[in-house]
Amino acid sequence: MNLGTRKILDRSFTAVGFGSIAVMGIALLIVLVPIITNGVGSVFFTGTIEHRKMLFNEFGRGNTEELAKENAASEEYRKQIYGMLSAFEAELETMETEKKQDYLSKYGPVKTALQTLIGPLPGEPEAILTRYKYGQTRWGKAEEKLHEFLYETKWDYSNPDAMSKEYFVSRATEFEGTSLVKLFPFVEEHLEDVLRPEFTVYWGFLTDSSVDSHIFGGIWPEIQGTFFLAVGAMLFAFPLGVIAAVYFTEYAREGFFNSILRSANSTLAGVPSIVFGLFGLAFFINTLKVSESKSVLAGSLTLAIMILPTIIRAAEEAILSVPKTYKEASLSLGSTKWNTIMTVILPAALPGIITGGVISLGRAAGETAPIIFTAAVSVGSAIGLADVFSSPTPALSWNIYNLASEHEAAAEIRHVQYGMVLSLVSIVLLLNLSAILLRARISKKLKG
Amino acid sequence: MHMTADAREVSKTASGATATRDIYLPSERKIISGGGTPHVVAKDFSIYYGEFEAVKKVNADILSKYVTAIIGPSGCGKSTYLRAINRMNDLIPSCHTTGALLFDGEDIYGKFTDEVLLRKKIGMVFQKPNPFPKSIFDNIAYGPRLHGINDRKQLSEIVERSLRKAALWDEVSDRLDKNALGLSGGQQQRLCVARTLAVEPEILLLDEPTSALDPKATAKIEDLIQELRGSYTIMIVTHNMQQASRVSDYTMFFYEGVLVEYAPTAQLFTNPKDRMTEDYITGRFS
Chain U
1 MNLGTRKILD RSFTAVGFGS IAVMGIALLI VLVPIITNGV GSVFFTGTIE
51 HRKMLFNEFG RGNTEELAKE NAASEEYRKQ IYGMLSAFEA ELETMETEKK
101 QDYLSKYGPV KTALQTLIGP LPGEPEAILT RYKYGQTRWG KAEEKLHEFL
151 YETKWDYSNP DAMSKEYFVS RATEFEGTSL VKLFPFVEEH LEDVLRPEFT
201 VYWGFLTDSS VDSHIFGGIW PEIQGTFFLA VGAMLFAFPL GVIAAVYFTE
251 YAREGFFNSI LRSANSTLAG VPSIVFGLFG LAFFINTLKV SESKSVLAGS
301 LTLAIMILPT IIRAAEEAIL SVPKTYKEAS LSLGSTKWNT IMTVILPAAL
351 PGIITGGVIS LGRAAGETAP IIFTAAVSVG SAIGLADVFS SPTPALSWNI
401 YNLASEHEAA AEIRHVQYGM VLSLVSIVLL LNLSAILLRA RISKKLKG
Chain B
1 MHMTADAREV SKTASGATAT RDIYLPSERK IISGGGTPHV VAKDFSIYYG
51 EFEAVKKVNA DILSKYVTAI IGPSGCGKST YLRAINRMND LIPSCHTTGA
101 LLFDGEDIYG KFTDEVLLRK KIGMVFQKPN PFPKSIFDNI AYGPRLHGIN
151 DRKQLSEIVE RSLRKAALWD EVSDRLDKNA LGLSGGQQQR LCVARTLAVE
201 PEILLLDEPT SALDPKATAK IEDLIQELRG SYTIMIVTHN MQQASRVSDY
251 TMFFYEGVLV EYAPTAQLFT NPKDRMTEDY ITGRFS
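As you go down the protein sequences, you meet chains U and B in turn.
Position one of the first sequence corresponds to residue 1 (the numbering used here), numbered consecutively onward.
Position one of the second sequence corresponds to residue 1 (the numbering used here), numbered consecutively onward.
Hints in this document: simulated from the structure, not taken from any laboratory.
No experiment lies behind these values; they were computed from the predicted model shown.
Among the hints, erroneous ones may be present.
What the hints assert, rightly or not - In silico DSSO-like pairs for lysine-lysine, Cα to Cα no more than 30 Å straight-line:
1. K111/B <-> K337/U
2. K178/B <-> K337/U
3. K273/B <-> K324/U
4. K447/U <-> K128/B
5. K337/U <-> K216/B
6. K165/B <-> K445/U
7. K447/U <-> K178/B
8. K128/B <-> K337/U
9. K216/B <-> K324/U
10. K327/U <-> K56/B
11. K273/B <-> K444/U
12. K447/U <-> K165/B
13. K220/B <-> K447/U
14. K327/U <-> K121/B
15. K111/U <-> K79/U
16. K153/B <-> K447/U
17. K153/B <-> K337/U
18. K153/B <-> K69/U
19. K324/U <-> K56/B
20. K178/B <-> K445/U
21. K324/U <-> K165/B
22. K273/B <-> K327/U
23. K220/B <-> K324/U
24. K128/B <-> K324/U
25. K324/U <-> K111/B
26. K447/U <-> K216/B
27. K121/B <-> K53/U
28. K178/B <-> K324/U
29. K128/B <-> K445/U
30. K153/B <-> K445/U
31. K153/B <-> K444/U
32. K111/B <-> K327/U
33. K444/U <-> K128/B
34. K327/U <-> K220/B
35. K327/U <-> K153/B
36. K220/B <-> K445/U
What the hints assert, rightly or not - To list a few chain B residues with every Cβ distance to chain U over 12 Å, as calculated:
37. I32
38. T37
39. F52
40. S245
We treat Cβ as the ideally placed atom computed from N, Cα and C, and that holds for glycine.
This is chain B alone, in the form it adopts within the complex (with noise of 0.2 Å):
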């Protein structure tokens, strides 16, 4: 069991009292009210591929409304923890899990969990931006549709104001019959979020979604999840360990499909519990 003890701390904390939870927060950051309760809880929680074990019996709290960051080099199953929850794993035919991930209490992989059902609930960007081939409008209206809202002007305004809380809707709202494939890699990207929220989930999973785009566009997207932050349980998974000690709450470590700290991510960064910790965040391997 690799897990350090402040990461249990906090899988405590967030289960148990609320009181202890503010000293972890960095300082500038607010504490969001109504916020903090677990939202995704893993209990010995693995992911295997056939029979590789590429997660390893995770046990943590996801806070709801907090920005959790993933980080760890490659290979190490931070994608693959994040991918199961919203259970796009099931694409992979021989992905398969044991232990338990509860989402709001019922288990995302029971038997009679509808995935679909979930999907809408847990929404995700993914790291290369992925718009349809549809008009910008579309494609945010694309979710709503499928859930059943075909009034022309209800999914205007879902379109308005998921684009709006996409940052989005200056740059775009001229011209939103156009294809979404002639916006910038970084409009694209919003846009993808945008379409995630229009179906309005709870969660939100992004899978390095900066990885693809330039430095500007990057810090639209890291200014963009501070705007959702407090609104939406955020979790993003980043090779980039800055862009985790700028946008996120929480972070955990994962090294070899183990979960090796999971703290606040100030203390995460400055005064790591864990050998490995400390030698990944100085750089020492990567």
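Looking at chain U on its own, in the form it has when it is part of the complex (with noise of 0.2 Å):
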């Protein structure tokens, strides 16, 4: 090959490869910067008089004088809309009864959008789920609402070979010449009197328990379950995987038997994770009945098993890595090999071994699959540390796969799922950032 050839090929590798890392990098962006925008959305909004209402009934805070003043002036406007329904709803009375039907219909949707919007009129009766007892507690989904409010959403099937179209109709044509057509613009004009955006920061999203399933409130519970888990899977992996890796890097001798468990492990490490939750399920909970039913227990246990091969695969390179001649020193000088391997081999290995170990925590606190059947609820309140051994408990990775395919109000709650997903994220970046550090750290000790 000449020079000529080889420093073309030379060339176009390093394009290739440069290449490939630039579309993971942007691949990666597309997908983080709206997980982190939207996710920091959960924390960080405009909020309205009716989320610090909510922040006083549910979790009692907030300042009762000033929410009292808020409350007072908001309810000027709103006594100025019931005012124009209970005009209307008179007049409705006097109409003859066709167009009164007629217009019935069509004023009942009109009800429930504002309903929607500030919040429950009054004279209905009291709403039993919280959802409905509060108008939107969020500026963007206020206007929205108010959208919803002002147009009714149609759709035109006129064209059959094409897909129908979604158009608007003003509600306000439709109630033109009565009392009621008023409501519209004014409704449009002082929405920001009635509901009083504000801009708030809300960190209670990490630390408060959630209402009405997760229509309000924080995700505390399934933070605090995913720490569950995952330290509950460390406390069982970690000590075996360790004890594992001794074992097969210092006292195993070559063998069969040996080499068929060498392989065990690896197929072990290549089992999809739902497997391991069926497992955990038949397993730990109907066979060892470690609990009745699904418990953060079972779920540690069945992560456990589950992470147990990388512990124990980054245990053993991280031993074999730790230099002959250590092992060779300790042992000149009349230590046994117990001692060695407590007093030398490990300590020097124990960057690697963290290092597996916290990457491993990471894998635990992300997964889904072996919760499902073994430890996951989807709503759930946050539970005592003694309540581990019976109780299951909700989770970031189950939750976020709920929330965004079964809960009914999905739609409504896209900011929680956003928040949940950047905690996630972010509980993995740190974790693995804290190993990185840890590491470090420990290596410029042992380098001196």
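Using the hints, build the complex out of the two chains.
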């Protein structure tokens, strides 16, 4: 091969390598940017008076006097709205039956939309679910709902060859000639006076429990559950993994039995996590009966089995990378094998072992499938430390899936999903970062 | 049997009469009182790696408190022989031995020999300096702590004494708490000697202790060996024939696993009995 072709090949290889890294970076950016921007929105947002009322009623937080003042100001405009409604209702009574029926059928959706926007109207029976007791708590959502209040959504099916088209009809035009026609411009103009949007920093999102399955409130039960599950898994898997790694590297003799053990370990590392989940249900809950049904304990054990091969691998590599000379030096001083392992080999291997451990911790925190059948519930409150043996827990990974796919009001609480995703990503990133820092620190200490 | 008459003679004199031994000593070296009894005795001692016989039927007495050098070309079995004495070869699973290797009359490879206790009495310094990634103090105190000394004052005394013996005290006394890996190569190697001395061994095995060091550090280690001569039985494996002639009282020449010649150093280097030895020390092969 001549010099020219070799150089071209070298350069094109560099270009391909650089390109693939760039593509990965861009893909990561495309995924992370919306997660971060929307996730941050769960803590920093423009909150309405409904949000502040909710904080006060559900968690007892907030300044009573100020809230009362605000409420009074808001009430001024609400009264005018309510006045318009009752004026129209009185007008309805004077209409002919046919006309009245026609207006009534249009009036119902208006009332519902208004109720969704600014909260229950006077005279309505008290809602059972918390989500119907308040209006919109976020200004962004309120603007969406305002549009729904002002315009009726209709679908155009006229062209059978094309997809049906969405179009909006102003509700105001439908009530032309009645007293209600004034209501729509009034609400549009004075919505800010009614809902009083204000920039809000809601750290409670991370520390509050959820109200009415995440319609309001925070994600503390999920964060705590994730923490319990991951740490519990580590408590089982880390000591076991390190002991197994010591056995593999220091005690095991090469042979048939040992090679079977090794390949079993490698195979275990490649088993899909859902299989671990089913195994956990069948083995820990149904066979061993570690708990009545789902529990943090069963989930932790399942996660532990799942991350065990990774920990063994990492610890094994770390132990093997300890220079043989340390071992020789220790043994030549009259140290026993056990002592050599405990005082020389494991301390020198510690950075690698810890890195493997923390990365596994991150994986345990992020896994969904193993906990579906063994530990996770979609709605629940934070559990105490004493309940981990018997109670299931909500967890971030599972609830992200659940909120996105199974929640009956999934579209209303996108910000909670993004908040959960961002929290989970941050937790895993933070764990990995701390692993890197810890490793650097210990390595530095070892190098002197 | 490649062993020469002289090697047998040394062996004989070492285990028998003492009167004739001094004639083998180099003139400038002093006879060590209380030394010269056989400390490590090999009887038809062979070492195998699996099927391969790395050391073949060695018969030799190592005399106490003298310095014995082991020379020979690469792969001749000299390191294997040295590492057999404190059973470091146990780390290699395929390694096994036949014949007998006696330390103070006890079989090193005996069924009931405690290799941990044995290694405490037979210390070793390796080719590459291998301090632990701990402080200088902890490196020296590692052995004594293993053997049950935990009193800080007592440990300090041992550390100072060992470092002084290894001629390192003056250089490191003000930074005992610093990591040993921060020392220079030569200092690290002397630290390893001090660490070995701290457990008060009877025999010091040096496996090419200067091969990774520069000439200045090498000279210091050689001086150190002279200092320690007379207090410990020292065996040193070396590639450097000048070094062997400088530091040792006796020299063993191994070739392809066979102990070819074993004689007082001055005699082996000036008047080798075996043709092979002569060829090697004159540099005809290496």
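Evaluation of the provided hints:
1. K111/B <-> K337/U: Cα-Cα ~18 Å, so holds.
2. K178/B <-> K337/U: Since the Cα atoms of K178/B and K337/U sit roughly 27 Å apart, the hinted pair holds (cutoff 30 Å).
3. K273/B <-> K324/U: Roughly 40 Å between the alpha carbons, so the hint for K273/B and K324/U is violated.
4. K447/U <-> K128/B: 17 Å, holds
5. K337/U <-> K216/B: Violated, at about 36 Å.
6. K165/B <-> K445/U: Given that 30 Å is the threshold and the Cα spacing comes to 28 Å, the pair holds.
7. K447/U <-> K178/B: 10 Å, holds
8. K128/B <-> K337/U: 21 Å, holds
9. K216/B <-> K324/U: OK: K216/B and K324/U at ~27 Å, within 30 Å.
10. K327/U <-> K56/B: 28 Å, holds
11. K273/B <-> K444/U: Answer violated: K273/B to K444/U is near 55 Å, above 30 Å.
12. K447/U <-> K165/B: 26 Å, holds
13. K220/B <-> K447/U: With Cα atoms ~25 Å apart, K220/B and K447/U stay inside 30 Å; holds.
14. K327/U <-> K121/B: Holds - the C-alpha atoms of K121/B and K327/U are around 18 Å apart, at most 30 Å.
15. K111/U <-> K79/U: At roughly 15 Å apart (the allowed maximum being 30 Å), K79/U and K111/U satisfy the hint.
16. K153/B <-> K447/U: Holds. K153/B to K447/U sits at ~27 Å (cutoff 30 Å).
17. K153/B <-> K337/U: 28 Å, holds
18. K153/B <-> K69/U: Since the Cα atoms of K153/B and K69/U sit roughly 74 Å apart, the hinted pair is violated (cutoff 30 Å).
19. K324/U <-> K56/B: 27 Å, holds
20. K178/B <-> K445/U: 10 Å, holds
21. K324/U <-> K165/B: Between K324/U and K165/B the Cα gap is close to 27 Å, so the pair holds against 30 Å.
22. K273/B <-> K327/U: Violated. K273/B to K327/U sits at ~41 Å, over the 30 Å cutoff.
23. K220/B <-> K324/U: Holds, at about 26 Å.
24. K128/B <-> K324/U: 11 Å, holds
25. K324/U <-> K111/B: Given that 30 Å is the threshold and the Cα spacing comes to 27 Å, the pair holds.
26. K447/U <-> K216/B: 25 Å, holds
27. K121/B <-> K53/U: Not OK: K121/B and K53/U at ~80 Å, beyond 30 Å, violated.
28. K178/B <-> K324/U: Given pair K178/B, K324/U holds - Cα atoms ~23 Å apart, limit 30 Å.
29. K128/B <-> K445/U: Given pair K128/B, K445/U holds - Cα atoms ~21 Å apart, limit 30 Å.
30. K153/B <-> K445/U: 25 Å, holds
31. K153/B <-> K444/U: OK: K153/B and K444/U at ~29 Å, within 30 Å.
32. K111/B <-> K327/U: Roughly 24 Å separates the two Cα atoms, so the pair holds.
33. K444/U <-> K128/B: 22 Å, holds
34. K327/U <-> K220/B: Holds. K327/U to K220/B sits at ~26 Å (cutoff 30 Å).
35. K327/U <-> K153/B: Given that 30 Å is the threshold and the Cα spacing comes to 27 Å, the pair holds.
36. K220/B <-> K445/U: OK: K220/B and K445/U at ~29 Å, within 30 Å.
37. I32: For I32/B, whose nearest Cβ neighbour in chain U is about 25 Å away, the distance exceeds 12 Å, so it holds.
38. T37: Consistent with the label, T37/B stays out of reach of chain U, its closest Cβ about 23 Å off (over 12 Å).
39. F52: The claim holds: F52/B sits with its nearest Cβ about 18 Å from chain U, beyond 12 Å.
40. S245: Correct as stated: the minimum Cβ-Cβ distance to chain U is 27 Å, above 12 Å.
Checked against the numbered hints above, the structure breaks hints 3, 5, 11, 18, 22, 27 and satisfies the rest.
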